[in-house]
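Visitor: Sequence:
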Amino acid sequence: MSRYTRILAALAAAPLFGAGIAAAAPATSGYYVATPTAVPTKTSMITHDTVWKFRDGAFTAAKAPERDMVLCQLVAQRVGKLNAFTVGGQAFDDASLTKCNAKAQ
Numbered sequence: 081m082s083r084y085t086r087i088l089a090a091l092a093a094a095p096l097f098g099a100g101i102a103a104a105a106p107a108t109s110g111y112y113v114a115t116p117t118a119v120p121t122k123t124s125m126i127t128h129d130t131v132w133k134f135r136d137g138a139f140t141a142a143k144a145p146e147r148d149m150v151l152c153q154l155v156a157q158r159v160g161k162l163n164a165f166t167v168g169g170q171a172f173d174d175a176s177l178t179k180c181n182a183k184a185q
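Residue numbers (the numbering used here): 81 to 185.
Be aware that a few hints might be false.
[What the hints assert, rightly or not] Straight-line alpha carbon distances no greater than 27 Å define the calculated DSSO-like cross-link-like pairs of lysine-lysine that follow: (1) Lys-122 x Lys-143; (2) Lys-161 x Lys-133; (3) Lys-179 x Lys-143; (4) Lys-183 x Lys-122; (5) Lys-161 x Lys-179; (6) Lys-122 x Lys-161; (7) Lys-133 x Lys-122.
Don't read these hints as lab results, they were simulated from the structure.
In this text, all values refer to a predicted model and were calculated from it rather than measured experimentally.
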């Protein structure tokens, strides 16, 4: 095989390799990501009008009209203490998470 052919073969295989890595990444995408301390007994729930799905160790949901803290507290009320709560890619700081977990069961 010529050098040119090897380069073309490597370039052609590169997108397939990258796609395999992307598929193996955790599926915790969502505007909101709530990571409970304990494994929940249910894999889905609804807080007001927001649907939450549990997979890969966290509940995720699309953007909702409620305030971020209210949503965090509603999740904590239903599933217990949270290790983390993320809104639009920004994690709650320790003080906000503590305030959220005050509503935990």
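Visitor: If any of the earlier hints don't hold here, list their numbers in rising order.
Guide: Of the numbered hints, all hold.
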